[in-house]
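> Please work from the sequences and hints to get the whole structure.
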Amino acid sequence: MTTVTLQGNEVHTNGNLPAVGESAPDFLLVDGELNNKKLSDFTGQKIIMNIVPSLDTPTCATSTKKFDE
Numbered sequence: 001m002t003t004v005t006l007q008g009n010e011v012h013t014n015g016n017l018p019a020v021g022e023s024a025p026d027f028l029l030v031d032g033e034l035n036n037k038k039l040s041d042f043t044g045q046k047i048i049m050n051i052v053p054s055l056d057t058p059t060c061a062t063s064t065k066k067f068d069e
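Numbering (the numbering used here), first residue to last: 1 to 69.
To be clear, the hints were calculated from the coordinates, so they are not data collected in a lab.
Careful: at least some of the hints might be erroneous.
Claimed, not checked - Below, computed lysine to aspartate or glutamate pairings styled on DMTMM-like, alpha-carbon distance capped at 20 Å:
no., residue 1, residue 2
1, LYS46, ASP68
2, LYS65, ASP31
3, LYS46, GLU69
4, LYS37, ASP26
5, LYS65, GLU22
6, LYS46, GLU22
7, LYS46, ASP56
8, LYS38, GLU22
9, LYS46, ASP26
10, LYS46, ASP31
11, LYS38, ASP56
Remember, it's a predicted structure, so these values are computed and weren't measured experimentally.
This is the structure:
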């Protein structure tokens, strides 16, 4: 478990966050067309990931819109 700070409060996460510079595990995600993709599908490519808890919240929706700009 990792502890992070959110709005001045300690929050405990599930699992452990990777260390800076550590390789990410070969995780599974779903793309915009609902196809399963693994991190290894992008080997040799540069990727940027924008991860938000929910697009149903104003903060996450605004963050996603700004990221896309």
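> Would you mind marking each hint as holding or not holding in the structure?
We went through each hint and held it up to the structure:
For the hint pairing LYS46 with ASP68, the CA-to-CA distance comes to about 17 Å; that is within 20 Å, so the pair holds. Between LYS65 and ASP31 the alpha-carbon distance is near 17 Å, which keeps this suggested pair within the 20 Å criterion. For the given pair, LYS46 sits about 19 Å from GLU69 by alpha-carbon distance, which is consistent with the 20 Å threshold. Restraint check for LYS37 and ASP26: satisfied, since their Cα atoms lie roughly 10 Å apart, inside the 20 Å limit.
Taken as a hint, the LYS65 and GLU22 pair is broken in the structure, with Cα atoms around 29 Å apart against an allowance of 20 Å. For the suggested pair LYS46 and GLU22, the alpha carbons sit about 16 Å apart, so the restraint of at most 20 Å is met. Of the pairs offered as hints, the one joining LYS46 and ASP56 is violated, with about 28 Å between alpha carbons and a cut-off of 20 Å exceeded. Note on LYS38 and GLU22: the hinted pairing holds, with a Cα-Cα distance of about 18 Å set against a maximum of 20 Å.
Of the pairs offered as hints, the one joining LYS46 and ASP26 holds, with about 15 Å between alpha carbons and a cut-off of 20 Å not exceeded. A hinted pair counts as satisfied when its Cα atoms are at most 20 Å apart, and LYS46 with ASP31 qualifies at roughly 16 Å. At roughly 25 Å between alpha-carbon atoms, LYS38 and ASP56 are farther apart than 20 Å, so this suggested pair is violated.
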